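**Q** The chain contents come next:
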Amino acid sequence: MLFWTIGWPIIWVLIGSFSFTGDASAEIVAYTRGAISISMMVFGLMTAGMANLPGNIAQDRERGLLTKVMSMPINPWRDFTGRILALFAFSVMSAILVIAVGFACGARFFFTTIDFTTSLAFILLIFVASAGIGMLIGTFVKHVHGAIMSGVGLTVVSAALSGVMTPYAYLPSVLQNFARIYPISSANSAITYLLVGIKYAGYNPLSVSQTVLTLFLALSLFIFGLIAYSRFCWKKE
Amino acid sequence: MGPNGSGKTTLASILASVKSPTSGKIEIFGKKPEAAKKITGYVPQENFSSPLLTGRENLMYFAGLLGYSKNEAFDIVDELLKKVGLREDANKRVSQYSGGMRKRLEVATILFPGLKLLILDEPTTGLDPSARRKFLGLVQELRNEETTILLITHIGADADLASRVGLIDRGVIIAEDPPEKLKRNSGLENVVNIETSIKSDKVASLLTNFSEKMKIMETETGYRVFTENVEKATPNIVRSLDEIGCKATRIETTKPSLEDVFFKLTERKVSEVD
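So the sequences go chain by chain: A and B.
The first sequence lines up with residues 1 to 237 when you count with my numbering.
The second sequence lines up with residues 1 to 274 when you count with my numbering.
Source of the hints: derived by calculation from the structure; they are not laboratory data.
Just so it is clear, the structure is predicted and the values come from calculations on it, not from any experiment.
Glycine included, each C-beta is placed from N, C-alpha and C at the ideal position.
Simulated coverage check for chain B against chain A, where a stretch passes if three residues somewhere in it have a Cβ under 8 Å from a Cβ of chain A:
hint, segment
1, 8-19
2, 42-54
Below, a list of computed lysine to aspartate or glutamate pairs in the DMTMM-like style, where the Cα atoms sit at most 25 Å apart:
hint, chain 1, residue 1, chain 2, residue 2
3, B, K37, A, E62
4, B, K38, B, E122
5, A, K142, B, E46
6, A, K142, B, E122
7, A, K142, A, E62
8, B, K19, A, E62
9, B, K92, A, E62
10, B, K38, B, E146
11, B, K181, B, E122
12, B, K70, B, D89
Please work from the sequences and hints to get the whole structure.
**A** Structure (structure tokens):
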């Protein structure tokens, strides 16, 4: 899982940084590398939430740890908080590493303190949405490999179709619509918009309606995941 | 004690509040299982300890879940590791532990202070004979403390350790008494245990003739014949087997085991998978 969460995004930062910049000016090359680094950081966060988390839940179920914990006088919230905090720490580490490699490869960003703070909020939304999807997968896919592969598959496919891995401007209109309603993709565009500019985001993801939609859908995914996890993972048979 | 599929694990899961009963009522020291979680410790069949952590780290994790502070936990965990004989290996990763060591570590998770009912679900399954003996020694030591141990097993020799044994079949407790009383009340006097070169319907049918109540039980290596008159039956069994070309490679007379009692009561073998 370390490969998919940290290794794979870093490989794409390296490939992207040196392959897709052509004869563009140094400034454009630097910002393109910045946009690629952001996309790959988002991909890492997606993998952590959508594949690592369900993998861990399924593993704990398979080896009896969930049964053991359920037999103890523990509030399910405690188990849930532990999982989310561990995932958060792992996601932060992954994000810092991917951006650091991008920076070392020449990625540059242009932002104010407010832009940076707002970006952190969108990163948090990506984390929250990915964790929600991860909890849904972990609750319903019982086996470890099935849970991990479902998570990785969903991450790769949704990232490719929603413009996380491909520029928004080159997507067909139907996928551009999907990119706007898929909160991970719209949050990715918002971060790109804030840190490298609208040219690299493809549209204005910070309009009020788009921001509200992103916020609402990200939180909804998290709440759905949380309900599924607490109802079905902790439910007595 | 009961065969696979008889409902042992289901019963343990309900007692541990992991499953809900479809009907009936359970009380543990006067409380419902959910409310008795604070005094009930459960070791499921699966190896739930993390192989990536050390033995000490695993126990510290469970101490944390139970709300102990780090300082409190350290001393208690040290004591628990000593109790289960793992103090020397406390800082080794669990992946380096043998099956028996891992099971003992998992038993340590239910030895935190305050627990009154300890449920061990088939803890000796998969252990080699030496690890099994060592593990049962630990259970014997725990017996002397002020706790009730519910040991779930399909192995008669494990059940022999208990002060009371409940025999379960198809979800129903069919008998419950101290092991010696169960054996005495079974009416089984003696058993001729025979290891044979051949196992077939013909051999089984022949051996049935030597049991007054036509009772024999197939084992992995041969048969057990329940008979009242061992002295008379044994030479005749050997002779008759010879006549049909089947060699008795080992023959001994024993007292009935709990498996025999189960067989007597249900006409089924304990090792039989439903």
